[in-house]
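Just need the whole structure built from these sequences, with the hints factored in.
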Amino acid sequence: QLRLQESGPGLVKPSETLSLTCTVSGGSITSNSYYWAWIRQSPGKGLEWIGSIYNSGSTYYNPSLKSRVTLSVDTSRNQFSLRLTSVTAADTAVYYCARQFGIPNWFDPWGQGTLVTISS
Amino acid sequence: DIHMTQSPSSLSASVGDRVTITCRAGQGISSSLAWFQQKPGKAPNLLLYGASGLASGVPSRFSGSASGTDYTLTISSLQPEDFATYYCQQYYFIPITFGQGTRLEIK
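Here the protein sequences line up with chains A and B, keeping their order.
Quick note, the first sequence lines up with residues 35 to 154 if you use the working numbering.
Quick note, the second sequence lines up with residues -15 to 91 if you use the working numbering.
These aren't lab readings, by the way, just hints derived from the structure by calculation.
Built from N, CA and C at the ideal position, the CB exists for glycine as well.
Mixed in with the good hints there might be a few duds.
Unchecked claim - Computed spacing ranges between beta-carbons, pair by pair:
{"#": "1", "chain 1": "B", "residue 1": "E65", "chain 2": "A", "residue 2": "Q146", "range": "16 to 24 Å"}
{"#": "2", "chain 1": "B", "residue 1": "S49", "chain 2": "A", "residue 2": "R111", "range": "40 to 48 Å"}
{"#": "3", "chain 1": "A", "residue 1": "Q146", "chain 2": "B", "residue 2": "R87", "range": "19 to 27 Å"}
{"#": "4", "chain 1": "A", "residue 1": "T51", "chain 2": "B", "residue 2": "R2", "range": "43 to 51 Å"}
{"#": "5", "chain 1": "A", "residue 1": "S110", "chain 2": "B", "residue 2": "E65", "range": "34 to 42 Å"}
{"#": "6", "chain 1": "B", "residue 1": "G52", "chain 2": "A", "residue 2": "S110", "range": "45 to 53 Å"}
{"#": "7", "chain 1": "B", "residue 1": "S(-2)", "chain 2": "A", "residue 2": "T104", "range": "47 to 55 Å"}
{"#": "8", "chain 1": "B", "residue 1": "G37", "chain 2": "A", "residue 2": "S92", "range": "31 to 39 Å"}
{"#": "9", "chain 1": "B", "residue 1": "G52", "chain 2": "A", "residue 2": "G44", "range": "30 to 38 Å"}
{"#": "10", "chain 1": "A", "residue 1": "T51", "chain 2": "B", "residue 2": "T58", "range": "22 to 30 Å"}
{"#": "11", "chain 1": "A", "residue 1": "G136", "chain 2": "B", "residue 2": "S(-2)", "range": "35 to 43 Å"}
{"#": "12", "chain 1": "B", "residue 1": "P64", "chain 2": "A", "residue 2": "S41", "range": "31 to 39 Å"}
Right, dumping it as structure tokens:
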């Protein structure tokens, strides 16, 4: 059974860079046709798609975040990662990683999520 | 961005009730719609895709339909474990967008 697990700091200072990693187990990140996505959820903005990446490194980003987001993939470790620069309090959210059945498409399954708080 | 409007935002119902939640897309999305269930402290869980396709392991009391830009999630007979928040998601356009959620509470 495929499982995804987010990891990274739970507290980031304003103006700094948020970095998270998603580790995939029970399946290969190089499986054909699947993209790997980041989604966040905050009380103020609800669920927000951040971006998606293929195992080749091909990416799609939400235009609202594109200038600050970089996704990357490490096939040797079966991981993919998120970097979000110049964070503010508005970036405080639960961050989820998920598998995506092609782009654009639905998400299944999701990781358990990790809360990232932006505060000094 | 495609705006997805869910209604109602909250709903009280009893075990055994039939419940309907609606999601209206800001423009046509050709049934490229998924429904998720989320319980407190947990990640969203896929229920339906393609507006009416049942995800693996999801009980048959969950069903979906489409009419124009309106999409409906129906739970035929509420069970205690169904009390949760439900979200729709369109995947026809990028950026992918979600509805604001419908909280289903016990009456």
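Status of each hint after checking the structure:
no. : hint                         : in the structure
1   : B:E65 x A:Q146: 16 to 24 Å   : holds, 19 Å
2   : B:S49 x A:R111: 40 to 48 Å   : holds, 42 Å
3   : A:Q146 x B:R87: 19 to 27 Å   : holds, 21 Å
4   : A:T51 x B:R2: 43 to 51 Å     : holds, 49 Å
5   : A:S110 x B:E65: 34 to 42 Å   : holds, 40 Å
6   : B:G52 x A:S110: 45 to 53 Å   : holds, 47 Å
7   : B:S(-2) x A:T104: 47 to 55 Å : holds, 48 Å
8   : B:G37 x A:S92: 31 to 39 Å    : violated, 26 Å
9   : B:G52 x A:G44: 30 to 38 Å    : violated, 44 Å
10  : A:T51 x B:T58: 22 to 30 Å    : violated, 44 Å
11  : A:G136 x B:S(-2): 35 to 43 Å : holds, 39 Å
12  : B:P64 x A:S41: 31 to 39 Å    : holds, 33 Å
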